[in-house]
Structure formats: structure tokens, C-alpha cells
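So the chains spell out like this:
There are 2 protein chains.
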Amino acid sequence: MPSIVKVLRLGVAVLVSSLAVGSTAARAADPLPSWNDGASKRAIVAFVDEVTKAGSPGFVPEAERVAVFDNDGTLWAEQPMYFQLFFALDRVRELAPQHPEWKTTEPFASLLKGDVKTALAGGDRAILQIVMATHAGMTTVEFEKIVKGWLATAKHPVTKRPYTQMVYQPMLEVLTHLRANGFKTYIVSGGGVEFMRPWTSAVYGVPPEQVIGSSIKTKFDVRDGVPVLVRLPEVDFIDDKEGKPVAINQYIGRRPIAAFGNSDGDLQMLQWTTAGAGPRFALYVHHTDGEREWAYDRTSSVGRLDKGLDEAAAKRWTVVDMKKDWKVVYPAVAK
Amino acid sequence: MPSIVKVLRLGVAVLVSSLAVGSTAARAADPLPSWNDGASKRAIVAFVDEVTKAGSPGFVPEAERVAVFDNDGTLWAEQPMYFQLFFALDRVRELAPQHPEWKTTEPFASLLKGDVKTALAGGDRAILQIVMATHAGMTTVEFEKIVKGWLATAKHPVTKRPYTQMVYQPMLEVLTHLRANGFKTYIVSGGGVEFMRPWTSAVYGVPPEQVIGSSIKTKFDVRDGVPVLVRLPEVDFIDDKEGKPVAINQYIGRRPIAAFGNSDGDLQMLQWTTAGAGPRFALYVHHTDGEREWAYDRTSSVGRLDKGLDEAAAKRWTVVDMKKDWKVVYPAVAK
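Sequence order for the protein chains is A and B. Quick note on this note's numbering: the first sequence kicks off at 1 and runs consecutively. Quick note on this note's numbering: the second sequence kicks off at 1001 and runs consecutively.
Careful: at least some of the hints might be erroneous.
As the list claims (entries may be wrong) - Here chain B is said to cover these stretches of chain A; the calculated rule only asks that three of the stretch's residues, wherever they fall, bring their Cβ under 8 angstroms from a Cβ of chain B:
(1) 197-211
(2) 220-234
(3) 245-251
(4) 265-274
In case anyone wonders, no lab produced these hints; they're calculated from the structure. This one's a predicted model, so the numbers in the text were calculated from it and none came from an experiment. Ideal Cβ placement from N, Cα and C applies to all residues, glycine included.
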């Protein structure tokens, strides 16, 4: 039970720790050091200032400071294809010895011959087959281990970086700045929720309970007296486009006041967020940097940004010009 | 931007506020004043002490301190029928003028004649019809207003109390005690998630994003340029029995370390919670108090506790004897 001594000790500890945090913040007066000065940076800082300034007309109580972030293309890269698909392809190769039938069955046969293009020519159906063959059939605990194991060793084919080091340093700073100002930061991604949760806490500071994504169904079962959740080869929910506001409402039950995306798949999330009363913030990351990252928008098959670009212009949302706005793209790597 | 003065001011403010909280806590040394001394109370206090004591073998980091609570029969009463069903019946009466066909269609016809028993004789199918007729067809924003409006005026037929004052005072203290010790408290209920979220924050201190429940599907739509979510007459998820661990994994993505329920519908949630490593806590509220509340268990159609009672005995879970363990049932009401 809390004695007065314990309470005093707590009080002092809190004071000391808030001073420690504070002095770091005071030293690093710029909360977004990887952003060049410009309209995008100013818009982010101004919005946070507005909603946190007590007594101002735009003030938003802390409980309502919810910010949602798409993941692929917004917090980490998504080219030349979604990273989760690299994971699935690696899993196909690893599981192949247990599936001799894959040698003669598409899309697996082409994949195993190294011909990804032919394998994926089957479109959504082929992708679904690959995802179900690699993401279902195990328990949730087993799947988490598989994802962590893959991330620990896999490297991106172009940059040769671990995938978790292909996150955007400027966006990490936005996440941190928002949280330092009382925001709860959520990921709302078309990616698989159980593919993201094992690492988002360490990489983004976003805990599992603040990660929303696509999902397959799971089934509760008791095996040898031990309760497990088994992952079934059946789509539960696709968290994309119209699905994003649906999932936000389902999981969070509040309308966010800030939303960050990079594609038409995020458009409805930005619409839903900005349709609420009071100050609202919507931002698109526009991939304009073919040298440091990739340049793509209206005609890309991955992360297409077309309707969103038009609506952003019409509604004066913030559009980040990656090439001009970002001093760096990825975090510095200790080599 | 945080100046050193602002930082110091913050530090002092935090110190002062933690002292204020602390001195209240020191005065009220007993965190569970509405509980009689006994095994149940001791078990709750001992568990919280164990997982929060730094350096002890049972210590659990704050991020992992997740506690899940059933709602109906665990946090508030559920007799003579689920309160959400009272809401639905009141809605049927209110909507009847817009539905002349109900006069001759069951289960509505009997309901409108005041014959609830005949109306509900149709079982799950009848209940589903009533729920869909009253819970779907409007936007999420409209539904929230409807729920709040009902709660502001509706009274329980037996106690004549507002429904939100039929919550269990001893359980409110458990929620508060857990949160004071770094726990995140969640509701995981068979009740409708959007029926609970409008009031759980004020009544239980549980914010919308920590409320998990059954749901119907919603659809994103843009009406006159305004994005809305429309509630559809289609079941999305039933958060009961095997569904509870599934939903916990889906929404939270962590296994709770403490679970509180009152019926066989909570059994799988308690099993899933206690199957993790380290200290675990499971508690059943046993409705033994026919005078102050209701007495029911193995044969009740609402909140049946049969298998759960056996498993609790076998696994030495805490079983609250409401009559013996609780000094009061409901909070004191200012009349």
C-alpha cells in the first residue's frame, strides 16, 4: 500500500524523469530535424501547436488526440513490392519440401523456379493463394515467431537493408512529436495485422493494441489441454479503402483528428478523419524521389496515388514532396 | 516549443499532481473498501502486488499489464434480461409508428402488446430480428446519440435506477486499483460494442478504444459530400465464448494477464488468459445474492455459470461470493 514515503519517492522520480525528458527536448528544440523547412513541416508543427495549446479555440483534450498512419509507403517503403509479399515468397521456398505438389501447381511452381512475374500474373487470386499457404495453418504464437525470425535475417533486394531499417526517419520523428504532445498513434494498414504487431513497438513505438490491419480468421481450440488460436486460410477483413474508416470505428471507436497516408487506399481514411469538427490534419506522402527511394504515383500498381492527389489539392491537405521535404529518407545505420 | 521554464513548470505540476493523487491514496489505504476481508479480496490485492513489485520474480512490465472484463453480470447487472434488450424493446415501441407492418408481424406484434415473453419465445431468431430492426439503418453518429438519449431517461423495471447506476461498486474499485497500478483495463463483452462505447468512459473509466464487443457490419458511404458509416442489419462478430479470445487477439494483440467474468460465456477468455506464462489471475463473479441483486448460476438462461464453476474449482480461480464478499452492490445514489 502506498505510504507517504513511497508517494514522495514517486513524486520525486516523476519530477526527475520529466526533467530528463524535458532537457532532451530543450536541447533538440526542432522536433522534426530530418525535415527541410517548408510548407509540409510548418503545417505539421502548426497543427500540433494548435490542438495542444490550452485555452485556444483549437484545443483538443488528450483523450481525443488520435492520429492514424498507413504503413506501406507511409512509414516504410513498399517497392518494388509490398514487403509482406517478400515474406510470403521466402516462406514458400522454405515450406516447399513439405509440399511436393507445389512443383506442378501455380503460382507455386513459377515461384520456386524464381519466376515471380509469372507467379504473380494470376493477380489477386494468385496472391491470395500464396498468402494463405504461408500465413495460415499455424497458431498465432507460432506465426509471431516465424515473422520475427524472418525479419531478423531478411534483406531488401535493392538496398540490402533489413526491412525494419527501410522505415522513413522523417515519419519516425512525426510519430515521436505527436506522442510527446499527448497523441495516441495508430497504424491502420492494408498489411496483415499479425505480420506487423511483432515489430511495430520496437520500430515505431506503436504497441500491438494500436495496430489495425487486414486479417484472416482465427479459431480458438484446446490442444492437449492448452488453449490456442489457430490461423485459418480464410479472409476475415481487408483493411483498405472503404475498409479503413470501418476498421477505425470498429477498433478505436473515435474519429482520429490526424491521418497520414500515401495512396488512394488511404483516401477514405483521410476523408473520414477530416470530416469531424474542430482542427483536422491530413497528409499524403508523395513518392517523388527516384534516387533516394522510388518515384511513383498516378499509374503505379503498388501504392497508386491518383484520386488522392486531386482531392488533396482541392482540400488543401498537406502533400509531402519526399525529394524536397526530407533531408534523409532512412535512419542512419550503424555499419 | 518547450523552454526550460516550461519544462520546470511541467515537472512541478507533475510532482504536485502526483502528491495530490498520492495523498488521497494514502488516506484511503484500502484500495477495495467495498470488499469484505476474505479470500477474494486478498487474492486480488496479492496479484496486483506481485506483478507490480520491481525486482520480484512475478514482476510484469507495465505494457503487458492487460486486464479484461466481461460487462453483463460482471461490471453491471444483467437481470431479468440483458439491459441492451431493454433498450431494443424501448426502441421498438418508439419506432412502431414508422412500421405499421409490425402490428401483425412477430416478434414485434407481441412486443407492442406488452407480451415480451411471447415475443422472445422465438429465441435467437426473434432477438436477432429485434436487434437488427433497432440497431441498424442509421449512421454510427446517429446511433451514439440514440444510446445516450435512452440511458439518460430509462430506468430498470425492478430497481428503478438508471441502468448506469446498476454497476457493481466493488468492481469499479477493482478497475481503479488495477489502473492505479499501471494496468490497461479492457471490456470484452457479448454486448454490442457501439451500445457500450458511448458511456463506458464516464461510468467505468474505460475509453472507447478499450471496449471490445459484438458488432454488426458498417459501410462507408459519402452522403451529400459528407462521409458516414452506416450500420447494416448484418452480424459482423459475436464476442462470446470462443469468440472472446479471438477478439482479444484481434483487437489487443497481447494476451491479458488478468480476466474477470461471471458466466460460461467468459470461460474461454479465462482459459486463454491463464494459459500464458508468469503470474495470471482469473476471477468469476458468482451471483449468490438474491436479496440485494439476483441469485443464479447453473440453470439460468441469462448468464449461466455451470462449466465455469467447475473449472474455477479445479483450477483454483477466484470465485466471488457476492453475498459474502461485497459490502455493497451498487454505488450510493445521491437522491
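Consistency of the hints with the structure:
no., hint, verdict
1, 197-211, "holds (count 6)"
2, 220-234, "holds (count 5)"
3, 245-251, "holds (count 5)"
4, 265-274, "holds (count 3)"
Checked against the numbered hints given earlier, this structure breaks none of them.
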